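With the sequences and hints as input, model every part of the structure.
If you read the sequences in order, they're chains A and B.
Once you know that position 94 of the first sequence is 94 in this note's numbering, the rest is easy, because the numbers rise by one and skip nothing.
Once you know that position 152 of the second sequence is 152 in this note's numbering, the rest is easy, because the numbers rise by one and skip nothing.
Quick caveat, the hints were computed from the structure, so don't treat them as lab data.
Bear in mind that the values here come from a model prediction, so they are computed numbers and not experimental data.
All C-beta atoms in this analysis are idealised placements derived from N, C-alpha and C, irrespective of residue type, glycine included.
Any given hint could turn out to be false.
What the hints assert, rightly or not - Computed beta-carbon distance windows for the label pairs:
#, chain 1, residue 1, chain 2, residue 2, range
1, B, Asp51, A, Arg185, 26 to 34 Å
2, B, Ala79, A, Gly257, 56 to 64 Å
3, A, Ala13, B, Asp51, 22 to 30 Å
4, A, Ala24, B, Asp51, 49 to 57 Å
5, A, Pro90, B, Ser116, 17 to 25 Å
6, B, Gly132, A, Gly202, 50 to 58 Å
7, B, Gly52, A, Pro90, 20 to 28 Å
To be verified - Okay, the calculated bits of chain A under chain B, using three or more residues with CB under 8 Å as the criterion:
#, region
8, 47-59
9, 90-102
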Amino acid sequence: MSAVQWLEPRSLAEAGEVRAQRGAEATVLAGGSFLGILMNQGFLSPTCLLSLRAVGELRGITVRDGELCLGAMVTHRQVERDETVRRDWPALARAFGIVASPRVRNQATVGGVLADADYASDPPAMLGALGARAVLRGPTGEREVAIDELILGFYQTCIADDELLTEVRVPPAEPGAVYRKFRSRSSEDRPCVAVAAARSGGALRVVVGACAEMPQHYPDICALAAEGPLDGAMAREIARRYAERLQPLTDARGSAGYRRRIVAVEVRRALEELGGVGGETLVRGRQGGTLVRGRRGGTLVRGRRRAGP
Amino acid sequence: MNVALELNGRSVGLECEPDEMLLAVLRREGLRSVRATCGIGVCGACTVLVDGEPVSGCLMLAALSAGRRVTTVEGLSSADPVPRAFVEAHAYQCGWCTPGFILTAKALLADNPDPSEAEIGEALGGNLCRCGSYVEIVAAIRRAAAELAGGALRQ
Ligand SMILES: Cc1cc2nc3c(=O)[nH]c(=O)nc-3n(C[C@H](O)[C@H](O)[C@H](O)COP(=O)(O)OP(=O)(O)OC[C@H]3O[C@@H](n4cnc5c(N)ncnc54)[C@H](O)[C@@H]3O)c2cc1C
Ligand code: FES
Ligand code: FES
Chain A
1 MSAVQWLEPR SLAEAGEVRA QRGAEATVLA GGSFLGILMN QGFLSPTCLL SLRAVGELRG
61 ITVRDGELCL GAMVTHRQVE RDETVRRDWP ALARAFGIVA SPRVRNQATV GGVLADADYA
121 SDPPAMLGAL GARAVLRGPT GEREVAIDEL ILGFYQTCIA DDELLTEVRV PPAEPGAVYR
181 KFRSRSSEDR PCVAVAAARS GGALRVVVGA CAEMPQHYPD ICALAAEGPL DGAMAREIAR
241 RYAERLQPLT DARGSAGYRR RIVAVEVRRA LEELGGVGGE TLVRGRQGGT LVRGRRGGTL
301 VRGRRRAGP
Chain B
1 MNVALELNGR SVGLECEPDE MLLAVLRREG LRSVRATCGI GVCGACTVLV DGEPVSGCLM
61 LAALSAGRRV TTVEGLSSAD PVPRAFVEAH AYQCGWCTPG FILTAKALLA DNPDPSEAEI
121 GEALGGNLCR CGSYVEIVAA IRRAAAELAG GALRQ
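If you want it as structure tokens, here you go:
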């Protein structure tokens, strides 16, 4: 006789009903990579598991009205390998493809990484910078929430006990987006500092992950970018202000002081990369084998000239 | 509960609890190559292939393998070039990590028959070898790749 009950609905409608009836008493199970650790370490002993594995509607990767729609049960590996995502949302493919090892990415799902709301995850910062929305489905219908409305704090989301996260909708990224993951321990580790930056419709969005309870986005600082070209000086100024504003946490991946310095460097580099995508000239690097240094607008910059998009 | 799946080429029904990990269930079946080590998905000693892709047996609930194809090294043919290359390149000392590396390497080579050293490093980065046989492990994978391609590779 089993102490733990296993529920495996076969459709989204059925899953929604079970979720509404059982609420928090039934633990929602996606890939199980996060729940598995909690169970192995004795932090969680579920009495009832509600598995979404047989819900086919949650497995799609589609484009609707120009937006990328990722089903909650799509794995990180599927996002990383999908031709459409790689072509049209390459920074997103990178953010999912740089998570841990292929083994973890085969198991971890889009819904799971958002619903577990770990502060040191990769995809949430990138999804936030791209202006993505999560679709939450409950007994009275669906609602869409932005990533910064979804994640409320350490391992906390706004998903109600009778709701399921069913899909993530990502607007088109134009003209570009960048994801940078700074790791302080090993290449398979979670980020010490994550920086996602995207421009769409002229507006810049920079989101810093892994440094605080939830991804950090400062619209007033990003608005500076409207005042001039995204050049080296602008990148440096925005990075400086992000590092100044942020209240980083201290953990095994780095102290608050260390993180603050890394944020200043990584935000600057992300913006230099983003500027390069738009055809501006300043990206740190080599040109014809020599490191180029020069002045522009009174600020020392290092860079190479990149071809336009 | 009873979980029906294809295990090393045979259709089986595994008795397990809904909260049991695949690792525990496979070991109970006598498949001792799947090794309980870190229990948090970091080391790769519990690697199994599920539908040909590497997964951590320590974090995957057995119930999630229903209807899928699960492979451990016990299920590889004795003529398989990958384990043979590990022996020939002497790519282990204690051998604890070896099954996990072999399975991860099989998935890599199925995907990319001629991987560069960097690609091997990336694919195997989630497998740890406490004995530090990494150089030989990379050599073993190059050797297996060459054999699978009939010797016509970039090195
Ligand atoms: C070794 C290791 C290394 C890792 N490294 C990284 C890393 O470098 N970067 C990174 O970003 N992440 C990393 N992770 C985290 C990993 O990405 C998460 O564990 C994973 O995304 C969780 O997804 P899952 O499908 O396995 O979720 P599960 O474990 O199944 O669920 C996670 C949580 O979300 C809830 N849930 C899941 N789906 C839904 C849904 N549709 N609706 C409502 N609630 C839901 C569950 O109830 C549970 O609380 C790592 C994990 C491991 C094990
Ligand atoms: S025991 Fe599963 S990854 Fe270490
Ligand atoms: S050979 Fe001993 S751990 Fe790899």
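A quick look at each hint next to the structure:
1. B:Asp51 <-> A:Arg185: 26 to 34 Å: 31 Å, holds
2. B:Ala79 <-> A:Gly257: 56 to 64 Å: Holds, at about 57 Å.
3. A:Ala13 <-> B:Asp51: 22 to 30 Å: 27 Å, holds
4. A:Ala24 <-> B:Asp51: 49 to 57 Å: Distance hint for Ala24 of chain A, Asp51 of chain B is violated at roughly 32 Å.
5. A:Pro90 <-> B:Ser116: 17 to 25 Å: 21 Å, holds
6. B:Gly132 <-> A:Gly202: 50 to 58 Å: 52 Å, holds
7. B:Gly52 <-> A:Pro90: 20 to 28 Å: Cβ of Gly52 of chain B to Cβ of Pro90 of chain A: about 26 Å, so the range 20 to 28 Å holds.
8. 47-59: Held - the region 47-59 of chain A has 3 residues with a Cβ nearer than 8 Å to chain B, which meets the minimum of three.
9. 90-102: holds (count 3)
Violated hints amount to a single one, hint 4; each of the other numbered hints is respected by the structure.
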